[in-house]
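When you get a sec, could you build the whole thing from the sequences and use the hints?
Residue numbers (this note's numbering): 1 to 249.
The hints are simulated quantities; they were obtained by calculation from the structure and are not laboratory data.
Mixed in with the good hints, there may be bad ones.
[As the list claims (entries may be wrong)] Here are the simulated PhoX-like cross-link-like pairs (lysine-lysine), alpha carbons at most 20 Å apart as the crow flies:
(1) 107 with 141
(2) 118 with 136
(3) 201 with 235
(4) 226 with 201
(5) 136 with 226
(6) 141 with 118
[Claimed, not checked] Label-pair distances were calculated between CB atoms; the ranges are:
(7) 195 with 102: 46 to 56 Å
(8) 155 with 192: 23 to 33 Å
(9) 194 with 102: 43 to 53 Å
Idealized CB from N, CA, C, for every residue including glycine.
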Amino acid sequence: MRNRLALRTPTPLLAAAGAALAALALTACDSGTGTKDEGAARHTPAASVSAGAPSTDAHTQQGSTGSTAHGIQTSAGTHRATGGTQGTHASGGTGGSKSSGNPWDPKNRVLCNGSNTKVTAQVLSRPLNHMMLTVKNTGSKYCDLTYYPVLRFDGMQWAPGADESTQPQAVTTLAPGESGYAGVLLSAADGSGDGGQTGHKLTVHFQGMTPNSDGGATANVTLPSKGVYYDSSLKVTYWVTDPSDIASW
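Given below as structure tokens:
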């Protein structure tokens with residue numbers, strides 16, 4: 001009987017110990033420790049990385065802005081890229097449009113025609129049977145002399161062609177006050193031309209941005225009182241900026 005009592009005695013103690021352990025476990029869960037603490041410990045290094053290397057957060061938060069996120073990551077590169085962008089914008093974008101002296105700004109360029117130029121004609125002694133047209137820009141904007149002049153003497157029903165070998169590499173552009181030139185072969189020196197006659201009135205037509213298109217107002221040019229003789233050899237040069245090109249044609 002004593003032996004049975006001795007064996008049963010520890011049972012309440014074990015039960016009490018188990019209850020105590022269970023109580024401790026419940027207390028730990030209720031107090032917010034354990035798993036929650038481990039989560040906070042894992043988050044702490046992430047916060048530290050975010051503060052030390054903002055590029056990670058920058059890509060996450062600024063992803064929709066594209067280059068902005070990369071700019072935060074490498075600020076030195078961003079400054080260089082931004083500077084280049086601003087420079088391009090100033091020279092070719094809005095800055096160029098605001099520059100009234102920029103001849104390449106479309107706002108400052110128009111077609112040269114009878115409304116913004118003065119056209120004169122001069123018969124040359126050399127080369128023989130040649131005349132030179134001078135067009136002076138009397139307007140306030142740069143103007144383009146496109147292609148070549150289209151001439152009409154009196155009531156002439158045809159227009160002379162151009163010598164293609166005289167075509168310049170770029171359109172002749174005149175600043176206000178500047179002049180452009182074109183040569184006119186009036187007749188064949190050897191008399192081989194047909195239908196020779198004397199012209200007393202000359203009208204100069206200007207071309208637009210495409211060949212044979214209307215470039216605007218025409219110009220009536222004063223000729224010598226005795227007129228000028230021309231025949232079927234009548235031909236013109238393209239507009240150029242150097243009068244010596246006409247003298248050597």
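Here's how the hints hold up against the structure:
1. Distance check on the hinted pair: residue 107 and residue 141 sit about 9 Å apart at the alpha-carbon level, within 20 Å; holds.
2. Of the supplied pair hints, the one linking residue 118 and residue 136 holds, its CA atoms being roughly 5 Å apart against a limit of 20 Å.
3. Pair hint residue 201 plus residue 235 holds up; C-alpha atoms about 17 Å apart against a cutoff of 20 Å.
4. Distance restraint check for residue 226 and residue 201: the Cα-Cα separation of roughly 11 Å lies within the 20 Å cut-off, and the hinted pair is therefore satisfied.
5. Among the hinted pairs, residue 136 with residue 226 is inconsistent with the structure: their alpha-carbon atoms are about 25 Å apart, more than 20 Å.
6. Restraint check: the Cα-Cα separation between residue 141 and residue 118 comes to about 14 Å, which is no more than 20 Å; the hinted pair holds.
7. Checked against the given bound of 46 to 56 Å, the beta carbons of residue 195 and residue 102, roughly 48 Å apart, stay inside it.
8. Hint check: residue 155 to residue 192, Cβ distance near 25 Å, so the stated range 23 to 33 Å holds.
9. In this structure the hint that residue 194 and residue 102 lie 43 to 53 Å apart at CB holds, the actual value being about 49 Å.
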